[in-house]
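Same order as they appear, the protein sequences are chains W and Y.
With UniProt numbering, letter number 170 in the first sequence gets 170, and the count goes up by one each step, no holes.
With UniProt numbering, letter number 537 in the second sequence gets 537, and the count goes up by one each step, no holes.
Among the hints, a few may not be true.
Pairs involving identical chains hold if they fit within one copy or between any two copies, as the list cannot separate such chains.
Simulated crosslink set (SDA-like; lysine to any residue; CA at most 20 Å straight-line) [as the list claims (entries may be wrong)]: (1) K609 <-> E596; (2) K397 <-> H117; (3) K566 <-> E519; (4) K397 <-> A542.
In short, the hints are calculated from the structure, not lab data.
Below, each chain spelled out in residue letters.
2 protein chains.
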Amino acid sequence: MNVDEELEDLQERIEDEIPGGIAISDVEYEGPELVIYTSDPKKFADDGDLVRDLARKLRKRITVRPDPGVLTDPEPAKDEIDGIVPDDAGITDYDFKPDVGEVVIKAEKPGLVIGKHGSTLREITKATGWTPDVVRTPPIESSTVDNIRRYLTQESDERKEFLRQTGRRIHREETSDDEWVRVTTLGCGREVGRAAFLLSTPETRILIDCGDKPGTDETPYLQAPEANPLQSIDAVVLTHAHLDHSALVPLLYKYGYDGPIYTTPPTRDLMSLLTVDYLDVAAKQGRTPPYDSEMVREAIKHTITLDYGEVTDIAPDIKLTFHNAGHILGSAVVHFHIGDGLYNVGFSGDIHYDETRLFNGAVNDFPRLETLFLESTYGGRNDQAPSQEEAEEKLIKLIRKTHDDGGKVLIPAFAVGRSQEMMIVLEEAMRKGRIPEMPVYLDGMIWEATAIHTAHPEYLNDDLRDRIFHEDENPFLADCFQQVDEGTEQRQEIRDGEPAIILATNGMMAGGPVMEHLEMLAPDPENSLAFVGYQAEGTTGARIESGRDEVRVPSSDGRSETVKIKMNVYSVDGFSGHGDRDELISFVDEMNPRPEKIFTVHGDEGKTKALASALYQNFNMRTISPMNLETHRFI
Amino acid sequence: MNVDEELEDLQERIEDEIPGGIAISDVEYEGPELVIYTSDPKKFADDGDLVRDLARKLRKRITVRPDPGVLTDPEPAKDEIDGIVPDDAGITDYDFKPDVGEVVIKAEKPGLVIGKHGSTLREITKATGWTPDVVRTPPIESSTVDNIRRYLTQESDERKEFLRQTGRRIHREETSDDEWVRVTTLGCGREVGRAAFLLSTPETRILIDCGDKPGTDETPYLQAPEANPLQSIDAVVLTHAHLDHSALVPLLYKYGYDGPIYTTPPTRDLMSLLTVDYLDVAAKQGRTPPYDSEMVREAIKHTITLDYGEVTDIAPDIKLTFHNAGHILGSAVVHFHIGDGLYNVGFSGDIHYDETRLFNGAVNDFPRLETLFLESTYGGRNDQAPSQEEAEEKLIKLIRKTHDDGGKVLIPAFAVGRSQEMMIVLEEAMRKGRIPEMPVYLDGMIWEATAIHTAHPEYLNDDLRDRIFHEDENPFLADCFQQVDEGTEQRQEIRDGEPAIILATNGMMAGGPVMEHLEMLAPDPENSLAFVGYQAEGTTGARIESGRDEVRVPSSDGRSETVKIKMNVYSVDGFSGHGDRDELISFVDEMNPRPEKIFTVHGDEGKTKALASALYQNFNMRTISPMNLETHRFI
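Only chain W is shown next, with the shape it has when bound in the complex (with noise of 0.2 Å):
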């Protein structure tokens, strides 16, 4: 059956299952989701059941759409829905896009809107027609997150016939009666960075993470005649939004795929604020950026967001879930389902099995999986990390003291994920008396993505969750936080000024607003650094870290000038957003069943051999450190 058969096959197995007199207008594959145009939406409405069953009986996600011309204007049924809603629900925004027949309501507190079992929805679709679509207003406005959602409706046309060509490559018949599953290692193997896999059936090609190597020009094997032409690859899935797994997915587009990405709201929005970034330093660098910012909006215009759990067709014979991965907000560990029960294979991107201030512990319970591709930053024989308690201590201890001196703390870390878990250490010590009050100066982007994660709060854990939505208890707006402007003049004041501590980007001293700090606080004794993440080799942070007593740094005008370090310097290891190796061996301990092999990836030579070979000793399964350019087969 080609896929308008089966379009038409469903309409009418649709039509059989509604009650009579409900007109359905067309069906219709939009991405992953059927959906159903309908003239009577609030007939749709009336039941409540009526799509949960349909989605149950028909095995689909399922969406209804009103036709144009059934919805009422969008004033009065602004007005409509104002007399709904109850007014707690504190509605601050609304967005009709006439050509989804939906609405997006921003509310402070969505649940309102929502009603029991989604009962006050379909009240404002039986009132109005427009499907509502409800979103948290944020505690902190964030210019990505307001300007995604407004690109995004001005090339709603060009979406959605992307999201049904797509819906249409995805239902396709399958062609092949070969039966195999492979996975192509085109980066990341043996090494940190430009992580990228290629996975392969006779039917589809799916692309997992697209990086860059940090501190190197090198990208993944794109040109590998298995990734080739491009055009051929069905979709491009993305773990989570650090450059080293998502920095190059935009350049897929100028080399001419046009396919979907996968990936989780957050991941999203952070991509593109990173991307954005990366092409920015790339130019302040003086470097030709591999891309420009328009391919970043085609990447946005061509990403399907999943949250996690949802298990979505992405080809004839895949199936892909997300679930929480505790890295970096919207991180996930990825699941592929292929074929009818014919194999699993899971990717865990980089992960952190234990909770953090930040995050649920990475997800490793699926219901089958046969291969892992697990990453392995700290698989090495000796990657035993300290206690995030011991960490935080010796951190406190040091901010303690550089005060006492009269100086400042100097904090590089990277605006996404340790920034924001820097942020909550620092806020509560501050609050409980742990450290005496100053300012925390926030320079970067540091403050764009704190916005992101409170855009997000589903994503973060239950205890920060609910802390945010209470004004007074949402650690980010604590009074101690102050945003640096762009422009050196501000920073003069920070050096010049009382003790205070400064967190700023970017996390390996390798360029951004850290350097200005750096070369003004670096003469004075009195002041400290601290490094609170891992300083790749090559780096000035890693320079400084292995006791350098002077390094050079590039200087405002475009040279580089020599700095000496005669500030104190501290490593704080126990921060990391990755699992230590105890962490990575526990999260393959405790799956149950264990996978049949695992290829430990993402790490340098030495550690990812190390941790194969651990996992070997102890479990006693196939484990494989892939070379990249390699190409395994596991059925």
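Given chain W's structure and the hints, the job is docking chain Y onto it.
Same frame as chain W, now just chain Y:
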């Protein structure tokens, strides 16, 4: 430096090296050779060491060709040559090729045409301008060999252009800075048949073998993206002519490949014989052949033959050398030297390590070899074969007994290899009186295959080669051997006649003339059927060998009929063209140095794994049994 610049540079260097007064009109690559065109071929021939010295200095294989126009006309040239070459040489034919300025001289004693260190050859050139190419007059005429020679002469313009293009492609500038070497298993991973590997580097792709899988329609995974587009493949390298290595080579030209095939001269001839027969059998069985005989001619036109031991550039970064494999006529172990000392990888093809009546044992001595792909046909734990002496003893006994009973012995055998071995065994046994004198009928392509063997005596073992050129000792010319004509009449006469031995194709009773003999001889309990080779699952041979007392076979009218097996059935192990398990292990044991890694291929799953395990345990080397569609990287 691009190719044109390089050729200009070479021409200057050649002009500097040679004595003044010899005019060089052009210098061009033709395939892997550098061809020097001169209007003074006679002066070139004056100095016997000139070409050798140039070759050494330029590190190139050099051919000198006269400009057209400086050549003596063929008829007077013949007379000149007759005057120069001693009568004992026994010249039987001349073939003048004006396009390359070559004259092919067929002689019974080529050595006398060549003269000491080529002195007679040079005399011929000095006298006539023509470059002589001496070939031995084969003791048995082969229509295959003649047809190929005629065809290549006819296509010489196209062939010359092909060689020129290939030469330029081989010597193109390298474009990649990257360094890696990898092999994709496209067939014969954990199975026997459909041999095919893709060796690739950033610069180059080489396809090694492209065979069918007997008894199935399965082809190698040519559609894998690694091998596509086929036009991007630089070269096909063929280990030997058996169909499970060669059958689908012509298909490549149907799919758009138009590059060279490198193989030995006997393999080219046998491939032509066997692939044409392959098409014939398919047509007779009512199957649609995957290509037609025009594609076989394309393959022949694109074949560049290399003798054992000739180190040859086949790509900017790859040198190829063939070595004797001891398996069938012209069979080769293939050695690739990659980069400038970067890596060496070998493919055993099919091997016989011990010397046989036909061939010297396989070569296992290479200057360097880091990785070997090793056949595993008999790699299983219990694959110990009886010695050839034991096998011959058993065969002789059963022949004597059948003769005494007044019956006939039917031996199904592959036309290439096993048949010639049987002929030698039977001729010797009869000559020495160990079996009574009786006719040995040869049915199928056996006679033609034997002719090809005698056309390439230098590929036979030393003893056999010597005997072939003494007419009264040439075992293939013994009186007992009688070729059976196509058609059933003579076969009926054989059935009704005196005791005899019948060697008939094909070797697994999957079709061919052997079927008709079976039908006629099977009902008589005085007759015998002797299996001397492997019977693949699903073939009539395997069914009879397993003890069935009746089998269904296709009848002459295209339907099938039941044949009752009342004749005696014997299995005579020990004649295999493959080394047994002990030989395979000795082959590796006696390598010096042993490779770091061995991939066991071309064997049933259990056997590849058993051999991998034995090699790992004996020699502590890394061993892998790759699956089809897997890619492993070495550097």
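Going down the list of hints, with the structure as the test:
no. : hint          : verdict
1   : K609 <-> E596 : both (17 Å within a copy, 18 Å between copies)
2   : K397 <-> H117 : neither (50 Å within a copy, 89 Å between copies)
3   : K566 <-> E519 : within (11 Å within a copy, 99 Å between copies)
4   : K397 <-> A542 : neither (23 Å within a copy, 81 Å between copies)
Violated hints for the displayed structure, listed by number in ascending order: 2, 4.
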